[in-house]
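S.K.: Here is how the chains run, residue by residue.
Protein chains: 2
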Amino acid sequence: MGEPSAKKPKLEGDQLPEHLNAFQEEQKRSLILIDEVQNELDQINEQASEEILKVEQKYNKLRHPHYERRAEHIKNLPNFWSTTLLNHHQISSIINPVEEEVLKHLEILEIEEFEDIKSGYVIRLTFGDNEYFENDKIEKEINLAGEKPCTATTPIKWKEGKCFIKNDDENNPNETMSFFEWLIRNVDPTLDDIAEVIKDDIWPNPLQYFLCPALDATNDTYEEF
Amino acid sequence: MGEPSAKKPKLEGDQLPEHLNAFQEEQKRSLILIDEVQNELDQINEQASEEILKVEQKYNKLRHPHYERRAEHIKNLPNFWSTTLLNHHQISSIINPVEEEVLKHLEILEIEEFEDIKSGYVIRLTFGDNEYFENDKIEKEINLAGEKPCTATTPIKWKEGKCFIKNDDENNPNETMSFFEWLIRNVDPTLDDIAEVIKDDIWPNPLQYFLCPALDATNDTYEEF
Ligand SMILES: [Ca+2]
Ligand SMILES: [Ca+2]
Ligand SMILES: [Mg+2]
Ligand SMILES: [Mg+2]
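Note that the protein sequences, when read in sequence, are chains A and B. When we follow the numbering used here, the leftmost residue of the first sequence carries the number 1, and every step to the right adds one. When we follow the numbering used here, the leftmost residue of the second sequence carries the number 226, and every step to the right adds one.
Everything labelled a hint here was simulated from the structure, so no lab data went into it. This structure is a prediction, so every number in the text was calculated from the model and none was measured. The beta carbon of each residue, even a glycine, is placed where N, CA and C say it ideally should be. Worth double-checking, as some hints may not be accurate.
[Unchecked claim] Far from chain B by the CB rule (all over 10 Å, computed), these chain A residues: (1) Tyr59; (2) Tyr67; (3) His73; (4) Asn76; (5) Gln90; (6) Ser92; (7) Asp116; (8) Lys159; (9) Lys162.
[Claimed, not checked] Simulated pairs of lysine-lysine, DSS-like, Cα-Cα distance not exceeding 30 Å: (10) Lys362/B with Lys199/A; (11) Lys362/B with Lys54/A; (12) Lys283/B with Lys58/A; (13) Lys343/B with Lys199/A; (14) Lys137/A with Lys199/A; (15) Lys362/B with Lys28/A; (16) Lys424/B with Lys199/A; (17) Lys373/B with Lys199/A; (18) Lys54/A with Lys343/B; (19) Lys343/B with Lys61/A; (20) Lys343/B with Lys118/A.
[Unchecked claim] Covered by chain A, according to a simulated footprint, are these stretches of chain B (three or more residues, beta-carbon under 8 Å): (21) 274-281; (22) 427-437.
Using the sequences and the hints, build the whole thing.
M.R.: Next up, the structure:
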């Protein structure tokens with residue numbers, strides 16, 4: 001019989017909660033037997049989660065060299081990532097005009113999942129030389145493990161007078177949060193739609209956005225262009 | 226190289242969309258190579274989905290005998306399922322007073338997933354003899370496959386003058402839909418929170434709801450009872 005998971009009610013023979021004292025002995029026995037079944041199911045569920053995670057890890061490894069090859073080809077296409085981000089309606093909606101210029105220096109966008117997948121990932125942005133900041137890489141790390149999921153971003157080393165971020169108070173988020181404001185803020189990653197879109201929508205297939213700002217999802221060819 | 230999935234943009238050597246004619250030959254070649262990588266990734270993703278589905282099918286089989294044993298023990302506990310449903314705040318919020326009486330005749334609640342898991346499941350309710358309807362089983366089948374997911378419920382054979390459902394117009398859903406109104410309606414299963422709660426929350430561990438109407442999720446013992 002498996003161990004009960006930490007937050008589940010426990011029922012051990014002589015520890016029946018008082019409000020169940022009205023049950024007859026045979027019914028109490030049934031309750032305890034149901035509890036045993038639930039403990040066994042807990043164990044099976046845990047094994048299932050672990051096995052699915054291993055499958056996901058295996059396929060992440062298989063995807064990796066393809067992402068690497070893709071990155072090499074993408075380097076031949078000027079403005080691939082800025083075009084891709086601007087063609088995605090959710091991302092473009094937070095990119096302001098200055099940021100549109102800045103993102104022309106974005107050379108590589110990468111997602112790196114943590115080894116165990118479930119505890120988080122990094123969004124890594126690699127920039128060419130530019131007039132705004134010294135960093136060549138800016139990483140936003142999304143930590144999903146632990147009691148309080150959080151994010152951490154590489155501090156941006158602004159060039160003299162070149163900081164274009166107006167609202168960097170993460171306790172005062174407003175409706176018009178911009179792309180770089182999103183980038184530097186430690187927001188609850190479980191509520192961070194932008195990070196999720198980049199990881200689950202753009203990263204798996206950026207080409208579709210690069211090619212096609214107005215692609216109607218129901219068309220499967222480019223015939224009307 | 227894999228086949229492109231049906232709804233993705235296609236890029237085959239001589240079929241570049243017109244708006245990409247401005248690209249130089251080398252860049253066009255890069256685009257086509259990126260597209261090839263995406264096709265390979267599509268294939269990997271499909272394999273991953275299939276393998277995860279197989280893991281889920283394997284564990285569903287492993288869970289099955291435990292659910293069977295649980296069902297045997299549950300039979301010894303009068304009103305197990307009505308108590309369990311009434312102790313779940315989302316389900317109890319749609320059970321009206323008449324239905325509370327009717328559900329005292331609910332002897333078995335079962336979920337049966339389709340063999341392939343992904344295409345749907347059945348919620349099967351088995352009732353004892355009662356004054357309301359002739360059916361001993363009422364099944365709500367949730368079909369997730371196909372273009373238009375749908376549900377289908379066993380027609381209820383009401384006893385003379387005993388139909389207690391007031392609003393059976395599924396085109397006119399109102400805020401106060403009751404449990405049996407939910408049961409008989411063909412609503413879009415992708416928007417059906419009630420079916421999902423029964424399948425993913427109650428069915429995996431009904432005991433926690435049966436035992437504990439006011440269980441605070443942060444307590445792991447019954448000490449305060
Ligand atoms: Ca236990
Ligand atoms: Ca293709
Ligand atoms: Mg890449
Ligand atoms: Mg059962």
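S.K.: Would you mind marking each hint as holding or not holding in the structure?
M.R.: Cross-check of the supplied hints:
The claim that Tyr59/A lies off the interface is violated: its Cβ sits roughly 4 Å from the closest Cβ of chain B, which falls inside the 10 Å cut-off. A Cβ of chain B approaches the Cβ of Tyr67/A within 10 Å, the least distance being about 8 Å, so the stated non-interface status is violated. At roughly 5 Å from the closest C-beta of chain B, the C-beta of His73/A falls inside 10 Å, breaking its exclusion from the interface. Consistency note on Asn76/A: stated as away from chain B, yet its beta-carbon is not over 10 Å from all of that chain's, at 4 Å minimum.
Residue-level check passed: Gln90/A sits 19 Å from the nearest beta carbon of chain B, beyond 10 Å. Distance check on Ser92/A: its Cβ is at least 18 Å (rounded) from any Cβ of chain B, clearing the 10 Å threshold; non-interface status holds. No Cβ of chain B comes within 10 Å of the Cβ of Asp116/A; the nearest lies about 16 Å off, and the non-interface call holds. Under the 10 Å C-beta cut-off, the non-interface status given to Lys159/A relative to chain B holds; the minimum distance is some 31 Å.
Distance check on Lys162/A: its Cβ is at least 31 Å (rounded) from any Cβ of chain B, clearing the 10 Å threshold; non-interface status holds. For the proposed pair Lys362/B and Lys199/A, the alpha carbon gap of about 45 Å is over 30 Å, so the pair is violated. For the hint pairing Lys362/B with Lys54/A, the CA-to-CA distance comes to about 40 Å; that exceeds 30 Å, so the pair is violated. In summary, the hint linking Lys283/B to Lys58/A is supported, as the alpha carbons are separated by about 18 Å, within the 30 Å threshold.
Taking the CA atoms of Lys343/B and Lys199/A, the gap is about 24 Å. The hint holds against a cut of 30 Å. Using a Cα cut-off of 30 Å, the hinted pair Lys137/A and Lys199/A holds, with the two alpha carbons roughly 18 Å apart. Between Lys362/B and Lys28/A the CA atoms are separated by roughly 28 Å; this keeps the pair inside 30 Å, and the hint holds. For a cut-off of 30 Å, the pair hint linking Lys424/B to Lys199/A stands: about 29 Å separates their Cα positions.
About 29 Å separates the Cα atoms of Lys373/B and Lys199/A, which keeps this hinted pair within 30 Å; it holds. For the suggested pair Lys54/A and Lys343/B, the alpha carbons sit about 20 Å apart, so the restraint of at most 30 Å is met. Restraint check: the Cα-Cα separation between Lys343/B and Lys61/A comes to about 25 Å, which is no more than 30 Å; the hinted pair holds. Annotation: proposed proximity of Lys343/B to Lys118/A holds, straight-line Cα distance about 23 Å (limit 30 Å).
A stretch counts as covered by a chain when three or more of its residues have a beta carbon under 8 Å from one of that chain; for the stretch 274-281 of chain B and chain A the count is 4, and the coverage holds. With 6 residues having a Cβ less than 8 Å from any Cβ of chain A, the stretch 427-437 of chain B passes the three-residue criterion, so the hint holds.
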